[in-house]
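K.L.:
Sequence:
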Amino acid sequence: MLQVSVLKEHTDMVLAGLAKKHYKTAEADVQAILSLDQRRKDLQTGHDQAQAEANELARQIGGLMKAGNKAEAETLKARTAELKQQTKAHSEELAEVEKELQQILYKLPNLPHSSVPEGRSADDNEVLREVGQKPELPATAKPHWELIEQYDIIDFALGNKITGAGFPVYKGQGARLQRALINFFLDEAREAGYTEIQPPILVNEASGYGTGQLPDKEGQMYHATADDLYLIPTAEVPITNLYRDEIVAAERLPIRNAGYTPCFRREAGSWGAHVRGLNRLHQFDKVEIVQIAHPDQSYAILEEMLAHIEGLLQKLELPYRVLRLCGGDMGFTSALTYDLEVWSAAQQRWLEVSSASNFETYQANRLKLRYRAENGKMQLLHTLNGSALALPRIVAALLENNQTDAGIKLPAVLHSYCGFSQIG
RNA sequence: AGAGAGGUGGCAGAGUGGUCGAAUGCGACGGAUUCGAAAUCCGUUAUACCUGCAAGGGUAUCGGGGGUUCGAAUCCCCCCCUCUCUGCCA
Numbered sequence: 332m333l334q335v336s337v338l339k340e341h342t343d344m345v346l347a348g349l350a351k352k353h354y355k356t357a358e359a360d361v362q363a364i365l366s367l368d369q370r371r372k373d374l375q376t377g378h379d380q381a382q383a384e385a386n387e388l389a390r391q392i393g394g395l396m397k398a399g400n401k402a403e404a405e406t407l408k409a410r411t412a413e414l415k416q417q418t419k420a421h422s423e424e425l426a427e428v429e430k431e432l433q434q435i436l437y438k439l440p441n442l443p444h445s446s447v448p449e450g451r452s453a454d455d456n457e458v459l460r461e462v463g464q465k466p467e468l469p470a471t472a473k474p475h476w477e478l479i480e481q482y483d484i485i486d487f488a489l490g491n492k493i494t495g496a497g498f499p500v501y502k503g504q505g506a507r508l509q510r511a512l513i514n515f516f517l518d519e520a521r522e523a524g525y526t527e528i529q530p531p532i533l534v535n536e537a538s539g540y541g542t543g544q545l546p547d548k549e550g551q552m553y554h555a556t557a558d559d560l561y562l563i564p565t566a567e568v569p570i571t572n573l574y575r576d577e578i579v580a581a582e583r584l585p586i587r588n589a590g591y592t593p594c595f596r597r598e599a600g601s602w603g604a605h606v607r608g609l610n611r612l613h614q615f616d617k618v619e620i621v622q623i624a625h626p627d628q629s630y631a632i633l634e635e636m637l638a639h640i641e642g643l644l645q646k647l648e649l650p651y652r653v654l655r656l657c658g659g660d661m662g663f664t665s666a667l668t669y670d671l672e673v674w675s676a677a678q679q680r681w682l683e684v685s686s687a688s689n690f691e692t693y694q695a696n697r698l699k700l701r702y703r704a705e706n707g708k709m710q711l712l713h714t715l716n717g718s719a720l721a722l723p724r725i726v727a728a729l730l731e732n733n734q735t736d737a738g739i740k741l742p743a744v745l746h747s748y749c750g751f752s753q754i755g
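Read in our numbering, the first sequence has 562 at position 231, and its numbers run on one by one without any break.
Some hints here could point you the wrong way.
Simulated crosslink set (DSS-like; lysine-lysine; CA at most 25 Å straight-line) [as the list claims (entries may be wrong)]:
(1) 465 with 646
(2) 351 with 339
(3) 465 with 740
(4) 502 with 492
(5) 351 with 502
(6) 401 with 372
(7) 351 with 492
(8) 355 with 339
Estimated spans, in silico, between C-beta atoms of each pair [claimed, not checked]:
(9) 528 with 580: 47 to 57 Å
(10) 559 with 408: 36 to 46 Å
(11) 464 with 433: 44 to 54 Å
(12) 529 with 607: 26 to 36 Å
(13) 422 with 365: 43 to 53 Å
(14) 531 with 393: 16 to 26 Å
(15) 403 with 558: 48 to 58 Å
Simulated from the structure, these hints should not be mistaken for lab results. The beta carbon of each residue, even a glycine, is placed where N, CA and C say it ideally should be.
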């Protein structure tokens with residue numbers, strides 16, 4: 332959520348930023364926010380003054396009662412009744428105005444960083460670099476959805492039977508590969524200075540608001556209505572919300588946490604071509620890295636996170652590229668996002684396996700996540716996160732890129748984690 | 001899931017209708033003392049919002065919401081959470 336003070340003091344900058352994100356009703360919304368905020372202040376002032384008078388009268392009445400001066404107390408009470416009417420009217424309207432203000436603020440996306448390229452869609456993303464050699468596979472090379480059947484390691488039909496589409500069952504070497512990747516990613520994160528966290532995978536409504544999944548993306552999460560809990564779409568939600576309503580001591584920064592969780596996404600309406608096999612699932616596994624940073628450090632930290640993720644892909648010997656997302660393609664809450672995509676040799680396309688973002692104060696404002704700045708004032712912190720990494724498309728690329736007639740040769744770094752060096 | 005007890009400032013813990021934003025202790029911070037430290041002594045020690053150039057002033061917050069009252073941490077109602085016992089259970 333953007334801060335009203337920023338909208339007020341840097342209106343032009345805000346409008347330019349919203350335009351880059353192709354947000355349509357920016358001008359009207361910003362104007363509405365500013366006038367609602369002014370209305371809010373006026374109401375607050377009126378309310379506080381009436382309340383102050385009422386408090387003073389209550390004190391006087393107390394004194395009169397004690398002194399046994401009933402008659403005078405009664406006359407003061409009459410005035411109190413009037414004030415009560417006033418404060419009631421004020422606070423009712425204030426609540427309405429605040430709600431309206433909040434609703435518009437929730438609609439506004441984060442402002443993009445100055446380095447974010449202009450653009451409307453994924454085609455406009457900036458390719459920063461391509462790393463690694465794309466393998467040359469014979470014409471007979473198979474896509475992963477055929478390989479998983481050939482080696483009987485991932486079974487969609489079984490998942491379909493016990494749950495539904497998009498919930499695969501991993502079997503034998505397929506299951507062990509999952510576990511190996513999770514352990515590998517967690518170990519790498521720990522060595523990079525992250526604290527391992529095992530959070531709940533159901534969260535309450537407040538957490539959904541804290542990181543921005545609610546209210547906008549309500550339909551994307553599975554909702555356990557009996558207890559009003561949501562299955563997390565990413566570990567970002569619980570791990571970032573660990574710090575909701577916290578004032579963090581500056582010397583603890585940056586806070587680095589990492590966690591493995593399954594992730595659940597309804598993906599309502601996003602099914603279509605190119606989503607066969609592991610390309611898109613309702614449940615998948617991911618290791619997420621999350622940092623809470625001082626505002627001055629957050630962009631350096633984003634680069635550090637990106638380097639960490641690239642290191643993982645290099646160790647897995649997967650060819651990848653790094654994209655800087657354009658204004659039209661980046662997420663609602665992000666100020667700057669790098670996407671990492673691995674090359675799928677059999678599908679002949681890039682698959683997104685990670686997204687690393689700086690949210691600046693956007694999430695922190697909702698989370699009320701702050702620190703005491705050098706000047707003694709409370710300041711919002713910056714939050715960042717990145718996938719390090721999401722498993723399904725990594726598995727897809729590993730299977731496709733490393734297929735041979737003799738089996739699938741896994742990269743050396745995974746051998747000890749798996750307990751085998753090839754599948755089949 | 002049933003019965004009971006309880007939720008107060010960073011922590012512990014008083015306070016059961018009237019200057020209570022809240023005693024006291026601990027912790028933390030500043031200072032005195034000391035060569036330095038411990039001990040001791042003095043002081044400070046929440047957050048949000050409104051107002052003001054500022055100093056300051058005001059309002060709200062004692063799990064959350066609503067109510068009674070001139071006045072609520074304190075009384076009433078609803079919800080949430082924690083603990084103990086019983087039940088169930090990996």
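K.L.:
All the hints need checking, so say for each whether the structure fits it.
P.N.:
Going down the list of hints, with the structure as the test:
Between the alpha carbons of residue 465 and residue 646 the distance comes to roughly 15 Å, so the proposed pair stays at or under 25 Å and holds. In summary, the hint linking residue 351 to residue 339 is supported, as the alpha carbons are separated by about 19 Å, within the 25 Å threshold. Restraint check for residue 465 and residue 740: the C-alpha separation of about 16 Å stays at or below 25 Å, so the hint holds. Taking the CA atoms of residue 502 and residue 492, the gap is near 15 Å; set against the 25 Å cutoff, the hint holds.
Between residue 351 and residue 502 the CA atoms are separated by roughly 46 Å; this puts the pair beyond 25 Å, and the hint is violated. Among the hinted pairs, residue 401 with residue 372 is inconsistent with the structure: their alpha-carbon atoms are about 38 Å apart, more than 25 Å. As the CA atoms of residue 351 and residue 492 are separated by approximately 45 Å, the hinted pair breaks the 25 Å bound. A threshold of 25 Å between alpha carbons decides the hint, and for residue 355 with residue 339 the separation of about 19 Å falls inside it, so the pair holds.
About 19 Å separates the C-beta atoms of residue 528 and residue 580, a value inconsistent with the hinted range of 47 to 57 Å. Checked against the given bound of 36 to 46 Å, the beta carbons of residue 559 and residue 408, roughly 44 Å apart, stay inside it. The supplied range of 44 to 54 Å is met by residue 464 and residue 433, whose beta-carbon atoms lie about 51 Å from each other. The hint said 26 to 36 Å for the Cβ distance between residue 529 and residue 607, and at roughly 32 Å that hint holds.
Separated by about 22 Å at the C-beta atoms, residue 422 and residue 365 break the suggested range of 43 to 53 Å. Evaluation of the 16 to 26 Å hint for residue 531 and residue 393 yields a failure: the beta carbon distance comes to about 49 Å. Restraint check, residue 403 to residue 558: a C-beta distance of roughly 56 Å satisfies the suggested window 48 to 58 Å.
The structure is inconsistent with the numbered hints 5, 6, 7, 9, 13 and 14, although it conforms to all the rest.
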